[in-house]
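S.K.: From first to last, the protein sequence lines are chains Y and W.
The numbering used here puts the first residue of the first sequence at 1, with every later residue one more than the last.
The numbering used here puts the first residue of the second sequence at 1001, with every later residue one more than the last.
Because the hints were derived from the structure by calculation, they are not lab data.
Some hints could be false.
What the hints assert, rightly or not - Restricting the straight-line Cα-Cα distance to at most 16 angstroms, the calculated cross-link-like pairs of lysine to aspartate or glutamate (EDC-like) are: (1) W:LYS1099 x Y:GLU146; (2) W:LYS1076 x W:ASP1089; (3) Y:LYS82 x Y:GLU146; (4) Y:LYS25 x Y:ASP89; (5) Y:LYS52 x Y:ASP63; (6) Y:LYS156 x W:GLU1032.
What the hints assert, rightly or not - So these bits of chain Y aren't anywhere near chain W, every CB distance computed over 12 angstroms: (7) THR27; (8) ASP28; (9) ASN44; (10) MET65; (11) LYS74; (12) GLU106; (13) LEU110; (14) LYS117; (15) ALA118; (16) PRO145; (17) HIS161; (18) GLN163.
All C-beta atoms in this analysis are idealised placements derived from N, C-alpha and C, irrespective of residue type, glycine included.
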Amino acid sequence: MFVRLAAALAAMTLMSGAAFAQGAKLTDPQIAHIAYTAGVIDINAAKQAQAKASNKDVKAFADDMVRDHEAVNKQALDLVKKLNVKPEDNDTSKALSKQAADKLAELSKLSGAAYDKAYVANEVAFHKTVNNALEKQLIPSASNPELKGLLQTGLKIFEGHEQHAEHVAAELK
Amino acid sequence: MQPRYLRLMVAVLAFGALAIPAHAATIQIVMENLVISPAEVSAKVGDTVEWVNKDVLAHTATANNGDFDVMLPPKKTGTLVLKKAGTFDYYCRFHPNMKATLKVEP
């Protein structure tokens, strides 16, 4: 059983690393797609939390995530429209969506305090992964200055979310 | 000018001076792209602080010690009349990486 758990954890770690693998330079349409996908993933996770969470701070956090990520994604859509860029699906977006779907399914089996803890812990981890990718990969790869600017603001917002999630996680202990 | 009007004007001015202390000012602080500027502001008791949120996101101006918590909806302004002297560190509850300081002199 422990071997199986360890193998599963190792597989998960490999997968999350793979979503943002260094490799071919990303294009602006791909970067826009990845950023938008990350937003959609967090909105979906938050909507599940709005329905399932029991702690009031966790519920409030989920409300904040839906509100902020919807606002940012609206800005992103407005920008790609203005720039006449068509977001392009890619392996990173696909890997992110697949991981997120698995995580949602895993979280859906939990309830009560165990769910609250797992959701918030995943929010900390997810924002960390996305912020790291924004900083090291997406922002440096973006060519259009307006897209770069939006990603930079996005990074500040998501760093705020990461700290907020950490505060909520600390309160739950 | 007729003395009667003059007396009225003096009365109005005197009343105004009583209602609003001479030093009362409105200090504007802007929140834009998750940056609070100026990050450090000095004011006096009786002054009004006006936070202008230029972002599409909701922010708050929340004192670390819990003395105030001003909600700032997207593209909206919130105000606070300063009643207590002291140095107040504050932050945004939704984005705790947004931090600033308000120094209030008596």
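S.K.: For each hint, tell me whether it holds in the structure or not.
M.R.: Cross-check of the supplied hints:
1. W:LYS1099 x Y:GLU146: Violated, because 26 angstroms separates the two Cα atoms, which is more than 16 angstroms.
2. W:LYS1076 x W:ASP1089: Outside the cut-off at roughly 22 angstroms; violated.
3. Y:LYS82 x Y:GLU146: Holds. LYS82 of chain Y to GLU146 of chain Y sits at ~10 angstroms (cutoff 16 angstroms).
4. Y:LYS25 x Y:ASP89: holds, 15 angstroms
5. Y:LYS52 x Y:ASP63: Status holds; Cα separation ~12 angstroms.
6. Y:LYS156 x W:GLU1032: With a Cα-Cα distance of about 11 angstroms, the restraint between LYS156 of chain Y and GLU1032 of chain W holds, given a limit of 16 angstroms.
7. THR27: THR27 of chain Y clear of chain W: closest Cβ-Cβ about 25 angstroms, beyond 12 angstroms.
8. ASP28: Correct as stated: the minimum Cβ-Cβ distance to chain W is 21 angstroms, above 12 angstroms.
9. ASN44: Its Cβ never comes within 12 angstroms of chain W, the nearest being 19 angstroms, so this holds.
10. MET65: Per Cβ check, MET65 of chain Y is inside 12 angstroms of chain W; nearest 10 angstroms; violated.
11. LYS74: Since the minimum Cβ distance to chain W is about 8 angstroms, LYS74 of chain Y lies within 12 angstroms and the statement is violated.
12. GLU106: holds, 27 angstroms
13. LEU110: Nearest chain W Cβ is 25 angstroms from LEU110 of chain Y, so the label holds.
14. LYS117: holds, 20 angstroms
15. ALA118: Consistent with the label, ALA118 of chain Y stays out of reach of chain W, its closest Cβ about 22 angstroms off (over 12 angstroms).
16. PRO145: Answer for PRO145 of chain Y: holds, closest chain W Cβ roughly 14 angstroms.
17. HIS161: violated, 7 angstroms
18. GLN163: Its Cβ does come within 12 angstroms of chain W, the nearest being 4 angstroms, so this is violated.
Taken one by one, the earlier hints fail for this structure at numbers 1, 2, 10, 11, 17 and 18, listed in ascending order.
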